[in-house]
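Asker: Protein chains in written order, with numbering that gives the first Met the number 0: chain B, 0 to 264; chain V, 0 to 88.
What the hints contain is simulated information worked out from the structure, not anything from laboratory work. Careful: at least some of the hints might be erroneous.
No more than 25 Å apart at the CA atoms, straight line, and that leaves these computed lysine to any residue pairs for SDA-like [said to hold, decoys possible]:
hint, chain 1, residue 1, chain 2, residue 2
1, B, LYS223, B, GLU30
2, B, LYS164, V, ASP27
3, B, LYS11, V, ARG28
4, B, LYS11, V, ASP27
5, V, LYS17, B, GLU160
6, V, LYS17, B, ALA195
7, V, LYS10, B, ASN175
8, B, LYS129, V, SER68
9, V, LYS10, B, PRO176
10, B, LYS164, V, ILE25
11, B, LYS164, V, HIS26
12, V, LYS17, B, PRO176
13, V, LYS17, B, GLU204
14, V, LYS10, B, GLU188
15, B, LYS180, B, SER147
16, B, LYS11, V, ASN15
17, B, LYS129, V, ARG28
18, B, LYS11, V, ARG19
19, V, LYS17, B, ALA177
20, V, LYS17, B, LEU178
21, V, LYS10, B, ASP192
22, B, LYS11, V, GLN21
23, V, LYS17, B, PRO203
24, B, LYS180, V, ARG19
25, V, LYS17, B, ALA122
26, B, LYS11, V, GLU18
27, B, LYS11, V, THR32
28, B, LYS11, V, ASP30
29, B, LYS164, V, ARG70
30, B, LYS11, V, VAL23
31, B, LYS11, V, GLN69
32, V, LYS17, B, ARG154
33, V, LYS17, B, GLY157
34, B, LYS164, V, GLY66
35, B, LYS11, V, THR29
36, V, LYS17, B, GLY13
37, B, LYS11, V, SER68
38, B, LYS129, V, ASP30
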Amino acid sequence: MPAQVITITSGKGGVGKTTAVANLAVGLALEGAKVVCIDGDIGLRNLDVILGLENRIVYDIVDVIEGRCRLKQAMIRDKKLPELYLIPAAQTRDKNAVSPSDMNRLIKDLRNDYDFVLIDSPAGIERGFKNAIAAADRVLVITNPEISAVRDADRVIGILEAEEKGPGALIINRLNPALVKNHNMLSAEDVLDLLAVELVGVVPEDENVIISSNRGAPVAFDAKSRAGQAFRNIAKRLRGETVPFLDLDHTGGLWQQFQRLTGRK
Amino acid sequence: MSFFDRLLGKKNSADNAKERLQLVLIHDRTDLTPAELDSLKDDLIATISRHVEIDAQSMRIGVQHDGRSQRLVADIPLKTTRRRARRSK
Ligand SMILES: Nc1ncnc2c1ncn2[C@@H]1O[C@H](COP(=O)(O)OP(=O)(O)OP(=O)(O)O)[C@@H](O)[C@H]1O
Ligand SMILES: [Mg+2]
Chain B
0 MPAQVITITS
10 GKGGVGKTTA
20 VANLAVGLAL
30 EGAKVVCIDG
40 DIGLRNLDVI
50 LGLENRIVYD
60 IVDVIEGRCR
70 LKQAMIRDKK
80 LPELYLIPAA
90 QTRDKNAVSP
100 SDMNRLIKDL
110 RNDYDFVLID
120 SPAGIERGFK
130 NAIAAADRVL
140 VITNPEISAV
150 RDADRVIGIL
160 EAEEKGPGAL
170 IINRLNPALV
180 KNHNMLSAED
190 VLDLLAVELV
200 GVVPEDENVI
210 ISSNRGAPVA
220 FDAKSRAGQA
230 FRNIAKRLRG
240 ETVPFLDLDH
250 TGGLWQQFQR
260 LTGRK
Chain V
0 MSFFDRLLGK
10 KNSADNAKER
20 LQLVLIHDRT
30 DLTPAELDSL
40 KDDLIATISR
50 HVEIDAQSMR
60 IGVQHDGRSQ
70 RLVADIPLKT
80 TRRRARRSK
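With the hints as constraints, model all of the structure from the sequences given.
Answerer: Right, dumping it as structure tokens:
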């Protein structure tokens, strides 16, 4: 089967795109899938440090596109998971070094040899975002339960609809159950109500995310952490498994909501 | 939320955020500002009044949403029914 190409984007910066790509890549590879992740944030390379692979970079995506190396030479194999690869972003200042058709060409060469290609999009809705969604079969929009992040997610979902990139599916990241309980943070259900798209996962605020980024080993390796569990569950859902949602806001209604949105009973 | 907040009718902040987002998303999605909606309403009143007599004071217009699709909904009471009723007496 050809690879599923999945892009993670958000509109607003800093909501957890890079964290999600790294953790979903690890989660999928732990399940035995062959995964390539691509850092699409040209000029602001970060996926390499989150995966702990920054010391192994020789070539980057722009080197491949401009013909300075072969695709395989720019693919860095993970230290622990032999079926996980990273194609790093370039640190050039020229944001136009990559075009949507470059991305299509590059990803076409990956489709037959891997199960998943995950693309980390930059923030915003400009060129880098367009590049990141060009070859996507599926776009995941990530947001925080916070007013400006939800608004920007809605803009992006609207653009995806207009560009016929499907309705998009949602990851809610950094949900703080205590705040939700006090009614001082939008609940996952509130966010779903507002955005009216399919939900693929809810990831709690978890200090282990920062601790594991410090170490360069994504939190998904830690099966005991709440965020790690949540990312692993999303990875399973991307593979087509049905996995119940963690009961984060103790409302218990989220699972039903998910079933309603996906038309399952 | 404290007892006093409730006493003062103060809403919790999550409800606040949700309500504000509901409004802002309608305008983001339709590119229709509240001022433009008002001027649309005036145009509608002018056009419809050329055909039937309407109760412009109690006319209402707004954007409703069903999932991600938006619908412009207008409720326009007519004045003609009363006249007809009188005539049939
Ligand atoms: N679930 C979480 N719990 C706690 N911290 C988190 C969580 N998710 C992300 N973070 C932290 O939030 C910060 C931003 O995350 P990240 O870099 O993944 O966002 P981004 O969307 O890729 O940002 P940018 O738009 O700059 O590319 C990081 O410091 C990360 O460790
Ligand atoms: Mg990032």
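Asker: If a hint holds in the structure, say so; if it does not, say that too.
Answerer: A quick look at each hint next to the structure:
Between B:LYS223 and B:GLU30 the alpha-carbon distance is near 16 Å, which keeps this suggested pair within the 25 Å criterion. A hinted pair counts as satisfied when its Cα atoms are at most 25 Å apart, and B:LYS164 with V:ASP27 qualifies at roughly 19 Å. Taking the CA atoms of B:LYS11 and V:ARG28, the gap is about 17 Å. The hint holds against a cut of 25 Å. Distance hint between B:LYS11 and V:ASP27 is fulfilled; the C-alpha atoms sit about 15 Å from each other, no more than 25 Å.
Annotation: proposed proximity of V:LYS17 to B:GLU160 holds, straight-line Cα distance about 23 Å (limit 25 Å). Between V:LYS17 and B:ALA195, the direct Cα distance comes to roughly 13 Å. Compliance with the 25 Å bound is thereby established for this hinted pair. With a C-alpha separation of about 20 Å, the suggested pair V:LYS10 and B:ASN175 falls inside the 25 Å cut-off, and the hint holds. For the suggested pair B:LYS129 and V:SER68, the alpha carbons sit about 24 Å apart, so the restraint of at most 25 Å is met.
Taken as a hint, the V:LYS10 and B:PRO176 pair is honoured in the structure, with Cα atoms around 19 Å apart against an allowance of 25 Å. Taken as a hint, the B:LYS164 and V:ILE25 pair is honoured in the structure, with Cα atoms around 21 Å apart against an allowance of 25 Å. As the CA atoms of B:LYS164 and V:HIS26 are separated by approximately 22 Å, the hinted pair is consistent with the 25 Å bound. Between the alpha carbons of V:LYS17 and B:PRO176 the distance comes to roughly 17 Å, so the proposed pair stays at or under 25 Å and holds.
For the hint linking V:LYS17 to B:GLU204, the alpha-carbon distance of about 20 Å falls within 25 Å, and the restraint holds. The straight-line distance between the Cα atoms of V:LYS10 and B:GLU188 is roughly 18 Å, inside the 25 Å bound, and the hint therefore holds. A C-alpha spacing of about 21 Å is found between B:LYS180 and B:SER147, which places the hinted pair at or below 25 Å, so the restraint holds. At roughly 21 Å between alpha-carbon atoms, B:LYS11 and V:ASN15 fall within 25 Å of each other, so this suggested pair holds.
As the CA atoms of B:LYS129 and V:ARG28 are separated by approximately 20 Å, the hinted pair is consistent with the 25 Å bound. A hinted pair counts as satisfied when its Cα atoms are at most 25 Å apart, and B:LYS11 with V:ARG19 qualifies at roughly 18 Å. With a CA separation close to 18 Å, the supplied pair V:LYS17 and B:ALA177 stays within the 25 Å bound. The hinted pair formed by V:LYS17 and B:LEU178 meets the criterion: a straight-line CA distance of about 15 Å does not exceed 25 Å.
Restraint check for V:LYS10 and B:ASP192: satisfied, since their Cα atoms lie roughly 19 Å apart, inside the 25 Å limit. Taking the CA atoms of B:LYS11 and V:GLN21, the gap is about 18 Å. The hint holds against a cut of 25 Å. Taken as a hint, the V:LYS17 and B:PRO203 pair is honoured in the structure, with Cα atoms around 20 Å apart against an allowance of 25 Å. Our distance criterion of 25 Å between C-alpha atoms is met by B:LYS180 and V:ARG19, whose separation comes to about 20 Å.
Distance hint between V:LYS17 and B:ALA122 is fulfilled; the C-alpha atoms sit about 24 Å from each other, no more than 25 Å. Of the pairs offered as hints, the one joining B:LYS11 and V:GLU18 holds, with about 20 Å between alpha carbons and a cut-off of 25 Å not exceeded. Between B:LYS11 and V:THR32 the alpha-carbon distance is near 23 Å, which keeps this suggested pair within the 25 Å criterion. The hinted pair formed by B:LYS11 and V:ASP30 meets the criterion: a straight-line CA distance of about 20 Å does not exceed 25 Å.
Distance check on the hinted pair: B:LYS164 and V:ARG70 sit about 23 Å apart at the alpha-carbon level, within 25 Å; holds. For the hint linking B:LYS11 to V:VAL23, the alpha-carbon distance of about 16 Å falls within 25 Å, and the restraint holds. Proximity of B:LYS11 to V:GLN69 is assessed by CA-CA distance (about 24 Å); at most 25 Å being required, the pair is judged to hold. With a CA separation close to 16 Å, the supplied pair V:LYS17 and B:ARG154 stays within the 25 Å bound.
For the hint pairing V:LYS17 with B:GLY157, the CA-to-CA distance comes to about 19 Å; that is within 25 Å, so the pair holds. This hinted pair checks out: B:LYS164 and V:GLY66 have alpha carbons roughly 18 Å apart, not beyond 25 Å. Between B:LYS11 and V:THR29, the direct Cα distance comes to roughly 20 Å. Compliance with the 25 Å bound is thereby established for this hinted pair. Note on V:LYS17 and B:GLY13: the hinted pairing holds, with a Cα-Cα distance of about 21 Å set against a maximum of 25 Å.
The hinted pair formed by B:LYS11 and V:SER68 meets the criterion: a straight-line CA distance of about 23 Å does not exceed 25 Å. With a C-alpha separation of about 22 Å, the suggested pairing of B:LYS129 with V:ASP30 holds against the 25 Å cut-off.
Hint compliance for this structure: every hint is met.
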